[in-house]
Structure formats: C-alpha cells, structure tokens
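Undergrad: Guided by the hints, dock chain B onto chain A, whose structure is given.
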Amino acid sequence: MRLRVNGQDHDVDVPEDMPLLWVLRDVLSLTGTKFGCGMAQCGACTVHIGDGPARSCVLPVGAVGDRAVTTIEGLSAGGIHPVQQAWIDEDVVQCGYCQPGQVMAAAALLKAKAQPTDADIDAALSANLCRCGTYQRIRAAVHRAAGQTGGRS
Amino acid sequence: MSASGIDRRTFLRTSAQAAGGLTIAFYAGPLPLRAQEGPPAAAARPLPDPNAFLRIAPDGTVTVVLAHAEMGQGMWTGLVMLLAEELDLDWSKLRVEHAPVAAAYAHPFFGIQMTGGSTSIASEFDRYRQVGAMARTLLIQAAAQKWNVPAADCRVEKGEVVAGTSRAGFGELAAAAAALPRPTQVTLEPPSSWRVIGQPHKRLDSAAKVTGRADFGMDVHFPGLHTALVARSPYFGGKVKRFDGAAALKVRGVKAVVQVPSGIAVVAENFWAAKLGRAALDVEWDPGDGGAIDTTDMARSYRALAAQPGGVKAKAAGDPAAAMKTAAHVVEAEYDLPYLAHAPMEPLNCTVRITADKCEIWTGTQLQTVDQGTAAQITGLKPEQVEIHTQFLGGGFGRRATPTSDFVREGVEVAKAANLPVKTVWTREDDIRGGYYRPQYFHKVKVGLDAKGAPVAWQHTLVGQSFLIGTPFEGMVKNGVDPTAVEGVFDSAYLADVPNHLVEHHAPKSPVTTLWWRSVGHSHSGFVMETLMDELAKAAGQDPLAYRRARLAKHPRHLAALELAAAKAGWGTPPPRGRFRGLAVHESFNSYVAQVAEVSVDRGAIRVHRVVCAIDCGTAVNPAGVVAQLESAVVFGLSAALHGEITLRQGRVQQSNFHDYRPLRLHEMPVVDVHIVPSTERPSGVGEPGVPPIAPAVANAVFAATGQRLRRLPLRLA
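Protein chains in written order, with the working numbering: chain A, 1 to 153; chain B, 1001 to 1718.
Among the hints, a few may not be true.
[What the hints assert, rightly or not] Ranges of calculated distance between the beta carbons of each label pair, as one might list FRET restraints:
| hint | chain 1 | residue 1 | chain 2 | residue 2 | range |
| --- | --- | --- | --- | --- | --- |
| 1 | A | Ser126 | B | Pro1200 | 41 to 51 Å |
| 2 | B | Ala1247 | A | Val58 | 19 to 29 Å |
| 3 | B | Leu1047 | A | Ala77 | 28 to 38 Å |
| 4 | B | His1389 | A | Ala77 | 22 to 32 Å |
| 5 | B | Glu1429 | A | Arg67 | 27 to 37 Å |
[Unchecked claim] Simulated pairs of lysine to any residue, SDA-like, Cα-Cα distance not exceeding 25 Å:
| hint | chain 1 | residue 1 | chain 2 | residue 2 |
| --- | --- | --- | --- | --- |
| 6 | B | Lys1255 | A | Ser76 |
| 7 | B | Lys1202 | A | Gly78 |
| 8 | B | Lys1255 | A | Lys113 |
| 9 | A | Lys111 | B | Ala1207 |
| 10 | B | Lys1202 | A | Asp13 |
| 11 | B | Lys1255 | A | Ser29 |
| 12 | B | Lys1250 | A | Asp17 |
| 13 | B | Lys1202 | A | His81 |
| 14 | B | Lys1568 | B | Ala1553 |
| 15 | B | Lys1093 | A | Ile88 |
| 16 | B | Lys1444 | B | Asp1336 |
| 17 | B | Lys1250 | A | Val12 |
| 18 | B | Lys1255 | A | Leu28 |
| 19 | A | Lys111 | B | Asp1336 |
| 20 | B | Lys1255 | A | Asp17 |
| 21 | B | Lys1255 | A | Glu16 |
| 22 | B | Lys1250 | A | Gln85 |
| 23 | B | Lys1255 | A | Pro15 |
| 24 | B | Lys1202 | A | Glu73 |
| 25 | B | Lys1250 | A | Pro60 |
| 26 | B | Lys1202 | A | Asp11 |
| 27 | B | Lys1250 | A | Glu16 |
| 28 | B | Lys1093 | A | Glu73 |
| 29 | B | Lys1202 | A | Asp17 |
| 30 | B | Lys1093 | A | Asp17 |
| 31 | B | Lys1250 | A | Asp13 |
| 32 | B | Lys1250 | A | Val58 |
| 33 | B | Lys1093 | A | Gln85 |
| 34 | A | Lys113 | B | Lys1568 |
| 35 | B | Lys1202 | A | Ser76 |
| 36 | B | Lys1255 | A | Gly147 |
| 37 | A | Lys111 | B | Ala1208 |
The set of hints was computed from the structure by calculation and includes no laboratory data.
Ideal Cβ positions, reconstructed from N, Cα and C, are used throughout, including at glycine.
Just chain A, same shape as in the assembly:
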C-alpha cells in the first residue's frame, strides 16, 4: 500500500488494520509520534491527516487512503514551527513524551482558528494528556504562537 507521509510516498507492506501509529513508528522509523494509550484517550499519537488532527493509534492505515499524513518530524520543513518555538519560549516541556502530540494538536487548532480563546484551547487540547502537568504553559504557548499576549481571552 502507498502512504504519503511528510511529503514523501512510501510503499509499505502491512495489514490494512494495522494502526497508522505502528506503521509510522515500527515500519517507517518515525518515532516522534508516541504511543501512550492505544485507545485515543491521551493524544500522544496525534498526527495531521490533511490539515486536521487524528489519533494515529486507532486509525487503521488502510483508512488513510491518499490523504497526506504529517507527523511531528514533518511539521515544519527545515526549521522550527511557530508552535514549537512558542513551546520553547514558554519552557513548556518536562518529560516531553506527550509534547509531540500536544504540538501537533495545537498546530491543527491554529490552522483551523488563528485566534483561539481559552475555551477553544480547552476544546482542542483537553484530549491530550500530560502527566507532568504542563497544561498552564501549554495554554500560554498556544496564545503565544497565535501572537496573543496576556493569554486570557
């Protein structure tokens, strides 16, 4: 089957029901996308399908079709994405395991809504767990990436 990931086509010989997550990690060695729960409860496996966020741990690779997959490795070609820069500036990360998923979810939110409110951020990112508790900084970093200062709209 042919899969388009980060702008490149890959021919992969895998069962159709294999979740996209494991195709990315175990077949394509794109390990930036993380395994956390396996049932779309934590968001560590968030990638973009087209422009929208998707939980790759429950998405059978056969359902992707010819839609473009973007992973954390491909979020920003040859540079750092404004969301990633905002994460660095707000000193968000701790253990960091959930953060690729958080960044992907935030980048998708900003693509859909350039000026999100706190309620928008809650709605888009409450599905992404962080056991280190970096939520306060995640919120601030999303506002920063949106060019908002103060952060409480």
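TA: Okay, now just chain B, sitting in the frame of chain A:
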C-alpha cells in the same frame, strides 16, 4: 577531559568492576533517607574524576555527562548549571548526555547509580561544581603555560580562557589541560559571585522534545530488533498453569512465543503483530493467593487492624492514653487512601541485546546499578559486561525505580529466552494493571486538645504495606520501622511539640506489588496531617492559619512558607464569589511547601480554580525549574485527589486505561502561582515536596464550601 574524550571502554571496564561490589555493599548498607541523617560532608569526599563528567572536544564542544536521569524534573538543565557556575561555558557548544552505568556515577547520598528521592540537585550541589572548578583550573594552567603568563592573570569567559589580549578556546587547550596533574583541592565560587545558580534558566532539552527528536526508551530501534508483549497473570502472584502459543504463532509477524518467569512473551516483528499475537494466546492461570483480593474488604480489615495493638512503634513519648483522659476536647478520625498507579505517559519498556560477552540495555530507568546487577545475574555475565544506555524517561514518578528491577528483569528474560534482540513493551493496560502501586493505606488518629486547643495527646496508627521489607532496600528499615510508611507523621513538626504521642504502623502483607509514588509516604500522611490540622483548628474554634501558626512557632521554615502562601493568596480577605479557600503546609525531602487552594463546588463537582504555592527548597539552583516542578506536583497531586484510585475485585484490577484511571486534563487545570522563599541554605528536594499539600488544601477548601469533612481519597462529596 581530553582532546579525544574519555577512553570510554577502559573507563567502563574499570569502573563497572567496582559496580559489582557496589551492588553488594548497597544491598547490605543502610540508606540515609533524609539528608541531615547521612551524607558525609562534601569536604570529606575526594574530588570527583572530571573525565567522568566532562569531555571537551577539539572543536570546543563541551559534553556534560549526567549521573542522574532526565525524567522531566530538569536535571538536563540543573546539573549543567551547577557545572557552568564554575566553568563559564559557551552554551551554543554544549552537549548533554546520560552517563553509562559505572561506579563514578554513584549517587553521592545513596552509593549506587540512581535518580530519586528528590535528591539530584541536593546531592550533586558540590560534585558538579567541583568538576567545573577542576576543569577551569586545568584549562587556566594550560593557557598560562602556553602564553607564559601567571595563572592568576587568566580567566574563563564563555568557553575560552582569556588573559590580556590572548584568547584560546577550551578545545584548543583541552589536550594540554588533560596532561596536567589534577588539582587536589578547588575553591568554589561563593554565593555572592554566583552568575548561574539562582538565575532562571530555560530547559536545555526543549528543542529535542518538541521536534520529536528526543529518544525515549520506547523509540529505540535498530536492524533486527523485535518487539515483545508479555501476557502476565491478571492476578497478583498468579502463575501460568498451561498455555498454547500455536494460534499466536500463526499471526503475521509473530516470530516466537516464549515462557519467562513473569508470563508468556510474544515476540514479533513489530508492536502490532505482538499485540495481535498476545490476544491470540491461550493461557490458563493459577490465581494463587491473589485471586480473592478485594480492596473494599482490605479497607475493612485495615480498619480492624488499626484498632489492634501490636504495630511497630515508630515514635513514642509520654503517656498518651493517660493524657487523653484529661484532654478538654478529643478529636477522632479515620482515613482511607487507595492504591495509586504512577501511569507515566511513556509506558514501560526495555530493549535488550545479549551477545556472547555483553548484555546491552536501552531503557529509561531510575536505578541503573540494581538493573545492572539483575541483568548480570540472569545472563550469567559479569556486571561490567552489562551496559545500560539510559534514555530520556517519559515520566518516572518512582515507577522506574523498582528494587526488583521488574521491567528490566523481564526485558532481559525475554531477550534471553527468545535469543533475539527484543524491545519488551507494556501497553497502557499492562501499566495500569501491573502493580507497583502506592500502597493502600488506613490511618486512625485520636488527638486530645487542652482548653486552649493545643494538642496534648496524639495516638496515630497507620496500616499499609511496606515495599521495603524483603527487598534490596531493606537497609532503609531501622528497628523494624519503615520510614517510607510513617514519614510525614513520625517526623512531623506538629508531633514534635505534643508531649504525649504514639505512632504505630501495621504492615500487612499482600501479593499486590507496591512502590514509592511521587512523594512516597507523604502522599498519604500529608493528606491526613493537614486535613486533621483543620479539624483540630475547628475544634479549637480557631482560624486554620492562626492555629497552624501557633503549632509551628518553633519551626521557622514551615512558618515562612505558610505565611508567604497565605499572603499571596489573600488569606483572610474574601475570596471571589462562590469560591472557598483551604490551606496546607507540609515538610518533605527537607523542603517546606505551603499551598492555598481556591475551590468551588457545584452539584457535587469539585473545581479547583487557583493554587498558590510557596516553597522553601534552600538555594533554588534553577528557579524556573522549581516553579515548573511545583506546577507539575500540583497537577500530579490533584489527579490523585480528584480522580485517582486503583481498586481490585476478585483479584483483578478494575481500571485499565486513562478513561477509568483519570489524570487531570487541560480543562480542569487551575491557575498555579508559585513563590520561592529566599534562602541561603543548601538545596533540598523539589520534585516531590509539592505533591503532599494539594489534596489536603483542596479538602480543607471543600470543607469551607460545604461543611463536609472528607477523609477519603479521591475526594467524593456525599
């Protein structure tokens, strides 16, 4: 430090030989839990081997080697800051890496290579600065000889040695510096000259972690590596009675089905095949003693046990029974606390490759020395033939520091049985149901107050499993007292001033495995002591803050944290409409944390809006890191206070994943406001001390809101 870097193989050979002996010494020796009890004064120690901690390449790249694992707590930054205080680095030429397992990296307090107990900065405060100072001294000497000027005329500046108009990068000087005799003593910069310590520093691992480039144990991959999932007994202590792997072997990608001591491993080309293969296994289990465990029954039996004499006396003074009879008021209370899973975001995993003369392990671990000894034992290799490549830990919270090396042991067993390089991966369900929980606890307390409300008699019985007795860490048990069970009670500042008191601990046995969980015994004792303090204040008719002030009059560090948090939270002023405040202060890991929680209750739902924290952790080496850890601790503690509970029925764990073992989510996040008490004391713990006060602060606020005194976690309104 040398131009070519440390000769890694020679170094590993010599130091790992010592590691074998270290393990034994460690097993026999007691561990100081509290800094003031144990660690020898820094001055008494020989200077560290700088080559173990620092390499300088000819291009000027400086590599700092970390004896402690980065698990989110910020050692990737904090330890580097300590070194950089003495050796002014060009931060753009900095590399950081985890140390191999070797004696040189033994924890200065504990004597083995490990990360835990909120001690990384506290224990390394001298060693990493000494390494920096030794390197500075040698680089300056090398430059002085090169330029034929007095060493006193040279200084270091951003990765260079400078004297007058002469400049040379560390890389140019490293080879000459390495050939010089090492200094036998160094003078550390006095606090008045500190440029790095005490200044907020952004994390050094952010870029790698936000781009997906940071390698966790889960991300290890190399040609020929297989993935295994293990079917483990659904009952604690259960055993395989019979199994048939034929159907599993038919799954595409499954390579082998092997029995290991912990269960049946399905080894496959990738995770998904291993998962399907495991699901196809036919296994019959002998439940053993764990087959009937019911946590509700356990709570009942713990309650009965708490009423019985015969616990181990952890602390006693005066005659509490007699004094109780003369008390003006008596307050009695009982507390129930559940098993808790650590549930780090990165599920447990361990990659192992065994060859004729070597066992290589890639994993995120907090306990390298013990893991090394375990792997040596299983493979029949010598400890020095076991290499551990510590990866970033996707959260630890204590779960990756198991005295039994459970997940590393299993990983080595699987690779050995399969005769293949294997990454053994736990699913989230395996993790939530896999034990090594914070033990379930029961506290029974009776306090007698005098006419002014001061406690004069205190009887306190704790019931809960010990996870030290019978393990390599048994040396921490002193006179039968497991300090990890009774800490926060027997060493409480409140108790110290009560003339008649008795603290007893019953340690029932259970097949359910238990372990330290961020803040250890304080995770339950903090809740008990600080909600009880509110009850006593109420019985005495006093304000909770005023009542604690009176109790803590001789404890200035508790008081300073309490006063700072109260002032910043506006204690005594009306809270926003519909909100109620509760406070708590607790000492743990030699640090003092006070928190004020602002809470509302709507139709039985508790919402935490704001938490104001004050911490006295001695010298705050990286204030930015301290703030982040307090935010983190509040979330970790709130997750448990509001949602966290592992229960068993008929021997089976009822929770399985994040839908029924719920960590806090973004929409539940309060505003957390952190203040640091200025201090010139040596650094003390930061990662854990923020956890204990949050549950009681919230429970006390809930009492203020509803009049309901909640003595069970997670908090549930009637």
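Undergrad: Against which earlier hints does the structure fall short, listed by number upward?
TA: 1, 3, 6, 8, 10, 19, 22, 26, 29, 30, 34 and 36
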